[in-house]
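Mind docking chains C, Z and G on chain R? Use the hints.
4 protein chains.
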Amino acid sequence: MAGNSYGTLFKLTTFGESHGAAIGGVLDGCPSGLLLDIPAIQAELDRRKPGQSAIVTQRKEPDTVEFLSGIFEGKTTGTPIGFAIRNTNQKSNDYSHIKDSYRPSHADYVYDQKYGFRDYRGGGRSSARETASRVVAGAIAKQFLKEIKISAYVSQVGELKLNKTYQEMDLSLAETNPVRCPDPEMAARMEEYIKEVRKEGDTIGGIISCVAQNVPIGLGEPVFDKLHAELGKAMLSINAVKGFEYGSGFDGIRMKGSLHNDQFNQDGTTKTNYSGGIQGGISNGMDIYFNVAFKPVATIIQPYETIDKAGNTIQTQGKGRHDPCVVPRAVPIVEAMTALVLADFTLLNRTIKL
Amino acid sequence: MAGNSYGTLFKLTTFGESHGAAIGGVLDGCPSGLLLDIPAIQAELDRRKPGQSAIVTQRKEPDTVEFLSGIFEGKTTGTPIGFAIRNTNQKSNDYSHIKDSYRPSHADYVYDQKYGFRDYRGGGRSSARETASRVVAGAIAKQFLKEIKISAYVSQVGELKLNKTYQEMDLSLAETNPVRCPDPEMAARMEEYIKEVRKEGDTIGGIISCVAQNVPIGLGEPVFDKLHAELGKAMLSINAVKGFEYGSGFDGIRMKGSLHNDQFNQDGTTKTNYSGGIQGGISNGMDIYFNVAFKPVATIIQPYETIDKAGNTIQTQGKGRHDPCVVPRAVPIVEAMTALVLADFTLLNRTIKL
Amino acid sequence: MAGNSYGTLFKLTTFGESHGAAIGGVLDGCPSGLLLDIPAIQAELDRRKPGQSAIVTQRKEPDTVEFLSGIFEGKTTGTPIGFAIRNTNQKSNDYSHIKDSYRPSHADYVYDQKYGFRDYRGGGRSSARETASRVVAGAIAKQFLKEIKISAYVSQVGELKLNKTYQEMDLSLAETNPVRCPDPEMAARMEEYIKEVRKEGDTIGGIISCVAQNVPIGLGEPVFDKLHAELGKAMLSINAVKGFEYGSGFDGIRMKGSLHNDQFNQDGTTKTNYSGGIQGGISNGMDIYFNVAFKPVATIIQPYETIDKAGNTIQTQGKGRHDPCVVPRAVPIVEAMTALVLADFTLLNRTIKL
Amino acid sequence: MAGNSYGTLFKLTTFGESHGAAIGGVLDGCPSGLLLDIPAIQAELDRRKPGQSAIVTQRKEPDTVEFLSGIFEGKTTGTPIGFAIRNTNQKSNDYSHIKDSYRPSHADYVYDQKYGFRDYRGGGRSSARETASRVVAGAIAKQFLKEIKISAYVSQVGELKLNKTYQEMDLSLAETNPVRCPDPEMAARMEEYIKEVRKEGDTIGGIISCVAQNVPIGLGEPVFDKLHAELGKAMLSINAVKGFEYGSGFDGIRMKGSLHNDQFNQDGTTKTNYSGGIQGGISNGMDIYFNVAFKPVATIIQPYETIDKAGNTIQTQGKGRHDPCVVPRAVPIVEAMTALVLADFTLLNRTIKL
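Chains as they are written, first to last, in my numbering: chain R, 1 to 354; chain C, 1 to 354; chain Z, 1 to 354; chain G, 1 to 354.
With the rest of the complex left out, here is chain R:
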């Protein structure tokens, strides 16, 4: 099973290479009768699109989604929603330098080894451009989950770490700056830093934090399909992600159980939320929050040494348009994947009780 589908009941299958005719997907299992706000879907795509600010790749691509099926008179019909985004600004000649060589820490080498050859243009299928299709489907999932509020934001860039909890900030401020950090002062510092990194032709990593609020109790299917296990897989499937933690996460290991346990209030809510809104793999109604670690993008605009297909060492130079730091544009992707996970578990949870 080539791994291009996600979800069991609310299921997305994506297709498309960075420089092929189009990317797109099929969303199967979206319940019928959902009145879609198409401009809102396009708006999510616009949050992800290249060229939106000075700190992201300058590739200019409108990324306009066309829906091909599954919608009638503005509403989902319960049949598969096919959609496509044409690739309109493929500068394929930008990539001729990688046709016969392998860029370090990219997928070039392993694709050639696994599949025998590869569409090398712009990274082909391994390009993060594929995630635009996820954003389309995630935007539909958000509309399906209209009671649930999903908010992702940048909480770290390099060493610049936001030392505030999500409760201490107005998360809507994230959309007011190009970094997508809800703390304006930190956002400005991060932006400055990313510009510096960019000038060096280098890249830097970061963290995206995400919060899902108003999640009903009961989502998640133990034992293997625990809610946080699927969230983890969904996040780790995004390009450049190296780690995932939820609730107390890696810091929680230092705590003792007597402190870490979340005491109950009488209504079933808890006084603390080290559990991150999930217990035993099932949502408990408290806020779900988690962190996603992104490595520094592998494409750098510097001279570097690498090998060609024949195993010869070669000198080369990064070219093309790239992101000095991936996290600002990855915020809508993290939200989209969160929405897909929650939509799928929402449907699954309808089938559990008599």
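If you are wondering where the hints come from, they were derived from the structure by calculation, not from laboratory data. Quick caveat, the model's predicted, so the values are computed rather than measured. Be a bit skeptical, because a hint or two may be false.
[What the hints assert, rightly or not] Covered stretches of chain R (in silico footprint by chain Z; criterion: 3 or more residues with CB under 8 Å from a CB of chain Z, positions within the stretch not fixed): (1) 26-33; (2) 340-351.
[To be verified] Interface residues of chain C toward chain Z, partial, derived using beta-carbon atoms under 10 Å: (3) GLY20; (4) ALA22; (5) GLY24; (6) GLY25; (7) LEU27; (8) ASP28; (9) SER69; (10) THR79; (11) GLY82; (12) LYS114; (13) TYR120; (14) ARG125.
C-beta atoms are modelled at their ideal positions from N, C-alpha and C, and glycine is treated no differently.
Structure of chains C, Z and G alone, referenced to chain R:
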């Protein structure tokens, strides 16, 4: 799809509650003709079993696996391998105190909410006892993957952090002490610390690190079923896990791309391995390594306040046999899940090329 | 994906060989809160068991099911239901004659070719004994679907064909005779005929008809998982089945559309039911009815010529206990598979609308 | 799981309504390195397209497939193959008469009941137009299976039944006449008859027979995913299909086992082939052959009585362009689905042995 199956081609389905008649599973898709070393499977179970040392739960249960099908004349036949482990030492009366109340940070509350009621004895299905079935299947997967060496070990307990890379240690030493830390000195300190925590009736978290060596190039199915995404899901599906990172992980976000990129040697290996053996979701032949964060076990032997089913606040007291720190016994579980992931991707990878 | 699972949400995985330690299965996804009537499950097994009458195999096996998990205080908990049926009467020496040779029209040859070797005792995994596990799960499905009435019966044995529609008979009479034909006179003729065939050491084929009544409108998931397509697959997966037709079936091809179309009544029911209760792959609330063709059992008690593993022609003689006609014992299997299909679609149908 | 995907490893997902923007699909799991003959794919589509002869619907639609991804330098890359066929000749006003009423024996009523509303234009998703996407994917599957020869043909139209076995005819002659019957004389009679039926504004059913030759031994995954069970499901998922039988099929029930058993030759082939090339659910290397029954198309061009959404009886009149007999155009669909099944099992079979 109630989530009790793992894997696409090498597929495990588990069943069983902590205090029911038996736990067990069905492993479907294990290739035919594999000569099984049954004592080696039992030996893996023994690594996980309760009562094996002074720092783990004193529940005494032999955990003997019985194979019911799928093996003939010592070899797998290609048909499903059914197996069961009888529950022989269920002290159900130990759990009468939780019948009508909810333990903090356990799954009691959410199971009742999701399913309408629950088998409360010993945590029922949410008990980590379920993982014994994973160890059985993982042990078979290990034998199938005989070229690949999977080594997990404890690298942190509370604040006690092992500051050595896996290359700096003899990992086989992990099995020489009850903590399963390959550094004997640190192991002794960890053991001491866990005993202290135990005396307090408290618990503490920890980290298990895992290394998979000799993994062939090409495992992993982008875009959703990236190798590290499945490893992440598999680890996060283990009881008490709160986080997963691979390669440079959360630390990698502080690095610049020019440093983080793994430069190639002429044979396709890399000079560094920040990628953790996986690029673009596909194994590149280098060592795969990752960390798994475990929270402090929720069961503590102290008085505490909680609520009952009716929402009344009650005073209660942790009883029963429990683990002060889960990581020593979770080492074989991490290895088992790693083996299941790699076995599944090994089979999937047979179907990719013409 | 070795094919030992059936269903998407209401999912059965079976294991076990005819002469291994046990057969059994795991039923995952059965909704929680279902009060199980365990004797009714055993009663279904008894309808399938060998030795129940003079016209079926005389193998004597009690076929007692033991439930291992998923049931607490008499009710399903929503966790997987594990169960096993011990094999107690395996006369393995009966089968030494087939160890190194291949019986015509059995699975011996293809199993050896596909898997490299086989558990030859009693046909191993290819034995119809596996269907006992389906009957257990199907009996649970029936209890879940309590509004739906599923009635299968024998409608043809060799040339003896029942020329009455299901509406013309009292289907409950099927259980009053060993053939399971609801027409007593025809049942007597069929019984007589099967005894004759048995005396010859020969076997004969037959047809089982099945009716599902009170099926709600809306079951079935076009385009690939049409209700009748899944019913067809489910039936064809039963040992010895060679054909499936529903509604007007093969006879309908001779009709013109103007006659074949089912005219509506004002309440949405139809005046005729050539559609067999399914239109466009979705149940329309009318009775679902279909026929399942079974070949003559391959095991005959006569001398015959065949080949051994080395390709030598050998003379041999059928031995062991066998069924001269499989349809009487297959009636509960057809009902069980029908129930599994309908239970799965019932759960799927909960997820379709907003 | 809305049922718009077929296959486990070689997996097709289709989308699209009869009168939406486009139909199409994603084929995931096609092995990399397959040099595609694109004109051959279009040629298969042309075999299915409307307007190709006087005995099929006169809707004129070029049905040109555009590939969007997964192909590079003429070869499959192992990434998903996205494709679309634009709907160019939708005369939506032809269907205004069915907007608020239900055509007998169509899916109109059940779609409204299941999904709450429907895209009524041309039958929307329930239109057989969807099968064009299957033909595209099936054509790729055929190229992947290049050793296997799949030949479908019309063997019955109404009462006109071809009384020759497939061995007695030159199957390639099927493509020389509009009925797609390999017996020229019978083809002429069938064509004449279909024209008569058409003049009456009526429709008639038929049978398509299919043969797959040079199938390797070992395809099929018992116990649930037997080769013939999947073939049956695949065929029954095609619009208008009411029955499936393979090998001796429904006629085999009249035979005794002593006659029906296929005796072996020394090389493992069999002297007869009542088994239809499949034993125990696994291909045995002999020809696979089966029959598929199609009902008379429900769309007739005659006045008829039916009900509207409010349950009122109304008089109406069939309009639009339709097929008087579906089997001539369904021949390439049967072949396509056969190819998809065999391609999937071919990949699955690579994972069975050590």
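Structure-based check of each hint:
| no. | hint | result |
| --- | --- | --- |
| 1 | 26-33 | holds (count 4) |
| 2 | 340-351 | holds (count 4) |
| 3 | GLY20 | holds, 5 Å |
| 4 | ALA22 | holds, 4 Å |
| 5 | GLY24 | holds, 6 Å |
| 6 | GLY25 | holds, 8 Å |
| 7 | LEU27 | holds, 9 Å |
| 8 | ASP28 | holds, 5 Å |
| 9 | SER69 | holds, 4 Å |
| 10 | THR79 | holds, 4 Å |
| 11 | GLY82 | holds, 3 Å |
| 12 | LYS114 | holds, 7 Å |
| 13 | TYR120 | holds, 9 Å |
| 14 | ARG125 | holds, 4 Å |
When held up to the earlier numbered hints, the structure conflicts with none and fits them all.
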